[in-house]
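Engineer: Read off the chains here:
There are 2 protein chains.
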Amino acid sequence: MDAAPELSKSALKKAEKQAHLAAEKAAKAAKKTALPVVGGKKMDEIIGITNPKDENFSAWYQEVVLKAEMVEYYQEISGFFVLRPLSMHIWGTIRKWFSGHIEELGVEEASFPLFLSKTSLDKEKDHVDGFAPELAWVERAGDKKLDVPVAIRPTSEAVMYPYYAKWIRSHRDLPLRLNQWNSVVRWEAKQTTPFLRTREFLWQEGHTAHLTEELAGKEVLEILELYAGVYEQLLAVPVVRGWKTENEKFAGGYYTATVEGYIPSNGRGIQGATSHCLGQNFSKMFQITVEDPHNKGQHVHVWQNSWGLSTRVIGVMVMVHGDDKGLVLPPRVAQTQAIFIPVGINKNTKPEDRQKHEEQIEDMRATLKKAGVRTQSDWREGYTPAWKFNDWEMKGVPVRLEFGPKDAAKEVVSYARRDTGEKGTIPIADLAAKIPELLESIQADMYKKAEAAFREHRKKITKWEDVLPTLDEKNVVLIPFCLDGKCEDRIKELTTRVDDNREVPENQKVPSMGMKSLCIPFEQPDGDELVPGETACLNPECFSKAQKWVMFGRSY
Amino acid sequence: MDAAPELSKSALKKAEKQAHLAAEKAAKAAKKTALPVVGGKKMDEIIGITNPKDENFSAWYQEVVLKAEMVEYYQEISGFFVLRPLSMHIWGTIRKWFSGHIEELGVEEASFPLFLSKTSLDKEKDHVDGFAPELAWVERAGDKKLDVPVAIRPTSEAVMYPYYAKWIRSHRDLPLRLNQWNSVVRWEAKQTTPFLRTREFLWQEGHTAHLTEELAGKEVLEILELYAGVYEQLLAVPVVRGWKTENEKFAGGYYTATVEGYIPSNGRGIQGATSHCLGQNFSKMFQITVEDPHNKGQHVHVWQNSWGLSTRVIGVMVMVHGDDKGLVLPPRVAQTQAIFIPVGINKNTKPEDRQKHEEQIEDMRATLKKAGVRTQSDWREGYTPAWKFNDWEMKGVPVRLEFGPKDAAKEVVSYARRDTGEKGTIPIADLAAKIPELLESIQADMYKKAEAAFREHRKKITKWEDVLPTLDEKNVVLIPFCLDGKCEDRIKELTTRVDDNREVPENQKVPSMGMKSLCIPFEQPDGDELVPGETACLNPECFSKAQKWVMFGRSY
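Same order as they appear, the protein sequences are chains A and B. Numbers 1 to 556, taken from full-length UniProt numbering, label the letters of the first sequence in order. Numbers 1 to 556, taken from full-length UniProt numbering, label the letters of the second sequence in order.
The following block holds chain A by itself, in its conformation from the complex (with noise of 0.2 Å):
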């Protein structure tokens, strides 16, 4: 399975090496800075995000999801990273969500090894060769060489398929549906960008097989609503729902389904999760066989599916909702949906009333645990809230709730939502039924807002000089389209600047990189420009007839 496409040319390298630079640059001058003291102690440093969103993106994403405290780089080996709490929290979500789901579908677990054999591999070359490049090999355990070296699985097919053949003896093993979370190790020569593209991912794996072809497809279908569900419903991220052309679609498979995102920031496209049919190329491959129940005597092939779905979600997520204090998590993923900040407390504060204030704050987080929401209080000394209210927007957290004496005495608490910046005040009574339905809108409208700026800038084109303008201004297209391969190849290449604007500054470069197709999206847009077999493919060297509606924009 794919899981990374195509993601950075030379200027995008550059842009990541500057952003790295400067985040270095910022944390060595926030060090020097002599701190402010308070109470005696001497304030810890808080670096906010130091690059704007909109001038230089791949250094703000670089920035956020580590001063959010999402990711950690791997120092002893490059192109790998420490997930931690933050983000191991919306994984999990995502996790429990989606097994949930599978499970209904009668899909089961199953743990298959870490390693691949060469002779598996060899086997099934087609499918493996364009893994090859990427393997990680074991030769030596301990001071021992292995007979016959190991690759570490980039993915399972080759794993699980030998004991497909096995297990499927007749129909009535039919489907077999095993899913598995794990991690594979794909060595990338290519930039790595946390999330996006590492040398190693958790991903789940799906791998089924079914008797027919109308079995297999529905299935695809079903997986590619519950990685949409995961895209919207969790993550607060729209997708479009589609098929990928014959160029991009799984090798060695049938046909994929994919969810396709969108990024308002440059304007890219970003796939989501990838559905895949196998049909029966691996089933021949692996010799995965029943008897075909209607016509006795006679066996037919499996018909196969895979599908995966990686930690890039949490990617997508960050660039989509985080702004220029950092992260902006979609309450129903976030580690801590609401955060109390005690304010009007200081040295002068006397103990009592200190206690007392501690206690209110107790209570009214354990009335809101038990409404199901998650909840920290921050009792941190030696900071004031100013710095807790940076540090817990730069995490990200949906809502802020402040209490101090003030509040205390109106028997309110004041809250500041992480989103939109909007402030007011709820009675302490209504906690319990209010902040849900906070976090409910909260939710509800980082979707619509995303929505929006999605569905903005999915423009559709009928003149091929309307392309690269629409483009620059940030856009995906749709354009009328042949579906034919070596087109499609030609239209990346038409669409590529050579110039890349070296001399150019940074927030003032204009993207080199050609388009691709992203999707042919399953609701073809209204309108009577396109008539199938009728109207011309955009691309104006091409002679054939448009077919469809299909997706194309610079994308990762």
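Because the hints were derived from the structure by calculation, they are not lab data. Errors might be hidden in some of the hints.
To be verified - Below are the DSS-like pairs computed for lysine-lysine, each with C-alpha atoms no more than 25 Å apart in a straight line:
no., chain 1, residue 1, chain 2, residue 2
1, B, 123, A, 96
2, A, 144, B, 145
3, B, 448, B, 459
4, B, 144, A, 118
5, B, 388, B, 347
6, A, 545, A, 492
7, B, 123, B, 249
8, B, 190, A, 145
9, A, 144, B, 118
10, B, 145, A, 166
Just so it is clear, the structure is predicted and the values come from calculations on it, not from any experiment.
Following the hints, put chain B in place on chain A, whose structure we already have.
Structural biologist: What follows is chain B alone, placed relative to chain A:
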């Protein structure tokens, strides 16, 4: 962390090889046998468990885990296994239960990379030396040689602790408590056994840092109690809680707490799971310090723990509960808790009667699902009910529910318990209440039976000459012991038989394995036979005084 203590001696290896051969022979024989033809279809082969549990335990075990479809041997690379859905359901249940509890304690999830670089390994040589012969090394990715070889983690101390040093900057960052669920690789040279000793295994590894020894020590015991809970509450397996002796504690740690199990069939002890206090050993190696909050300007090294529980628990469960018919699953971890098998339906049954019968069963299943019971119904054609009974018994399903026209007429369902074979009927109207009760009774009875077996085979011994005969009667022993490491080594030697009965038939063999210390039980036996510092150590060659009753045994 150490997960797989010493296993196999030559005698055991031979037994395992024999088991393998027997299983293969049986499988071949079964394939050759002309199978009865039912309803025009050839009946599939059924192969029951061919090795009696009390005659060739090791062969029995391997047959059960294979035929019950818990594991599959990974043909491609020896020492690796596929965990099939039945096993993964158990592991998933444990994961959910344990995760919920540690989250309550404040432990968070993280995910660290699969690899260690050679450079960071060299840093903490002492700890790593023990794992060195088992490390799998990656030296090449694709066609490129890596600049620095990387090893696959055998455990993650060396991966994680550099980041603990980075993240812990003040006592306010304590406690830091992270856990990860992953797989680790230890390329063992010894004979492997499914679940108990495998070259890759699934586990959780918790790594925490605390300000004081006391806080660390409190957690060691909290976690140990959760490990005991996994065994006792989920797997219905009794364990003894205790400390490891100096010889048996985690290398590089301060002290180790453990839960120890017991396999009645061969009288061997088995380490269940361990919770280690690492003391300040690793924080000194990795320079993890904070300013002492009670002593300004002074830095203190943090106190660390690590604790792990692996898929080994599943193997222990199989060994304790299984019988000559196959697996016996505790209801709380069984993927299928009750299996409906239609009876009295055959090719002469009118289609409308058959349909009505199906509907009735599916109605009952829906009722049970609502009551939280996991059920399946077996509508496979071409198999007799008797065949199906055997098949589900082999897979360990706790309750069989038979339903035929006679039951329908009486508005009852007939049931049979897997653990005891007890049979009876339950009125259909009472199913939703009675089946959950029945499952809980089975769970409790399975634990009681196993607990009695362990209790009756834990013998207090005060005369050295009683030791060997007591071990030979499949007991573990509690002996007055001085706690000295050299004395412990000598006890192992003194209890090892030199003559290994090569010529004696398999089922009459006397084990040659010496006994080793299992744990110093928290709960010391009653009675005045041991007065610490006065009573002599049981080892006749030892001149020291006994300090504690220590549990010794032949062990895995």
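Engineer: Give a verdict on every hint.
Structural biologist: Consistency of the hints with the structure:
1. At most 25 Å may separate the alpha-carbon atoms for a hinted pair to count; residue 123/B and residue 96/A exceed this at roughly 38 Å.
2. Using a Cα cut-off of 25 Å, the hinted pair residue 144/A and residue 145/B holds, with the two alpha carbons roughly 18 Å apart.
3. For a cut-off of 25 Å, the pair hint linking residue 448/B to residue 459/B stands: about 19 Å separates their Cα positions.
4. Taken as a hint, the residue 144/B and residue 118/A pair is honoured in the structure, with Cα atoms around 17 Å apart against an allowance of 25 Å.
5. Between residue 388/B and residue 347/B the alpha-carbon distance is near 17 Å, which keeps this suggested pair within the 25 Å criterion.
6. Between residue 545/A and residue 492/A, the direct Cα distance comes to roughly 18 Å. Compliance with the 25 Å bound is thereby established for this hinted pair.
7. Restraint check for residue 123/B and residue 249/B: satisfied, since their Cα atoms lie roughly 22 Å apart, inside the 25 Å limit.
8. At most 25 Å may separate the alpha-carbon atoms for a hinted pair to count; residue 190/B and residue 145/A meet this at roughly 16 Å.
9. In summary, the hint linking residue 144/A to residue 118/B is supported, as the alpha carbons are separated by about 17 Å, within the 25 Å threshold.
10. For the suggested pair residue 145/B and residue 166/A, the alpha carbons sit about 36 Å apart, so the restraint of at most 25 Å is broken.
Hint check: violations occur at hints 1 and 10; the rest are consistent with the structure.
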